[in-house]
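Chemist: Using the sequences provided together with the hints, build the complete structure.
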Amino acid sequence: MSLADRLARNTRSWNATAARPAQPRPQQPAPQPTQQPTQQENARPVVEQAPSAPRPAAPQARPVTPPKPEPAAPRTEDVRTQEVSDDYYEFKSRIHERLIERIDLSAIETLPHDALAEKIARLVERILAEEFRHAPLNSAERRRLISEIQDEVLGLGPLEPLLQDPAVSDILVNNYRQVYVERRGKLHKTSVRFQDDDHLRKIIDRIVSKVGRRIDESSPMVDARLEDGSRVNAIIPPLAIDGPSMSIRRFSRDPLELDDLITFGALTPEIGEVLRGIVRARLNILVSGGTGSGKTTLLNVLSRFIPHDERIVTIEDAAELQLKQEHVVRLETRPANLEGRGEITARDLVRNCLRMRPDRIIVGEVRGAEVMDMLQAMNTGHDGSLTTVHANTPRDAMMRLETMIAMAGLNLSGESLKRYIASAIDIIIQATRLGDGSRRVMSFQEITGMEGEAITMQEIFRFRQTGVGKDHKVQGVFESMGIRPKFAQRLEALGITFDAELFRPGVLREI
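Residue numbering for the sequence shown follows the working numbering, starting at 41 and increasing by one per position.
Everything labelled a hint here was simulated from the structure, so no lab data went into it. Treat the hints with caution; some may be incorrect.
Once the Cα atoms are required to be at most 25 Å apart in a straight line, the calculated DSS-like pairs of lysine-lysine come out as [to be verified]:
1) 226 to 510
2) 229 to 526
3) 510 to 229
4) 226 to 513
Modeler: If you want it as structure tokens, here you go:
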């Protein structure tokens, strides 16, 4: 008989006779659950009774991209993600309630994490021995129960095993019963779940309160981040019809470098050297791509090439860039407070950073009126700046910039807008997520100016898909288009040269 079945039987007995525990069934070995990972529940998290913490400094972290290949040995499944029944959640809730009655709440603020975890474990063991001594739990099941209660008190409950899995790049909570993850570019439904909507809502509240933000009916959407820098978006009813929902974009523990992108097949060594050269030569670069295409990862890699003696100012809605240089100032937008005041937008920060004597300005993503101030900075001496935009092609990226400038309320003609963009941006790099979940630099284009009323661009490199292999992996080739870029002369003046064969037409690498 499984743990879930045994707990179900005993839970019904406890419900019927609260004063007298049910007689245990003969002990049988508890079979290991064979279903996919699940997680646990709620009960009242103790930490909610502690005062809210002040907003922490933005972590030095960055978003996860496709992880490095794992060893051949199979990944060990976290026991906390194995599926259990509703009766198990009820039983764990009973233990959690007893724990809340006994634990010293002041210890949560004073004890180190490891000491508090040990204290919780001892209390749970004591509660099991004194009040639930007939519970049909073997030693492995007791360890699991203790671990899950520790997660509820000290962490983010059912999400903890997923957050500790380095292969998980995204955690997508549709509702309290449906949790998906992305591993190696593919989505998988897990068996992880919350006890109910209230449990999920408490975890969301715990996340957003730590960064000084709130979520309620008057403000039902929020962006936040975890302590490791992972980006969080949450939305609750009435906007979320089926209950609270949350998305977490994980950050990699080990920063990805240019060599990692080459290993993954995102680009070639030759393209990587060109990227290094254009950053050092202070060309203005726009990274374009859709959601999950690796824009921020590529922006992080590009930032590695900025010399350490230059002053860099970064501007983001939620801090996720991870720069290795020391001379860096990191700025983050702020939403309005409960009274609708105090909002600091990306445009406010771009304007302010111009008075901070930056050598380079990096805007995590342009979404609105701040694009005009960013382009103005690029055109007035702050060359070598970097930013990203949501768009599916380089041409779409240009149209997006035009639209954002027009929506800023500036009284400029269409041709004037295009000329302003063409004079500010030198390079567009298009990042794309393919059908097999892999990311590629699909196009590397140079803006050459205007022809009539159109912005002219020339493609230097591209990735051309040729098919799909038997393993469902995308196959293709990186190609040089046979065009010597205009910026080559600018780089040569700085002593940055490339092999003459690089810009001749032909295949650079086959994937």
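Chemist: Against this structure, judge whether each hint is valid.
Modeler: Status of each hint after checking the structure:
{"no.": "1", "hint": "226 to 510", "verdict": "holds (17 Å)"}
{"no.": "2", "hint": "229 to 526", "verdict": "violated (48 Å)"}
{"no.": "3", "hint": "510 to 229", "verdict": "holds (24 Å)"}
{"no.": "4", "hint": "226 to 513", "verdict": "holds (12 Å)"}
Hint violations for this structure: number 2 only, all remaining hints satisfied.
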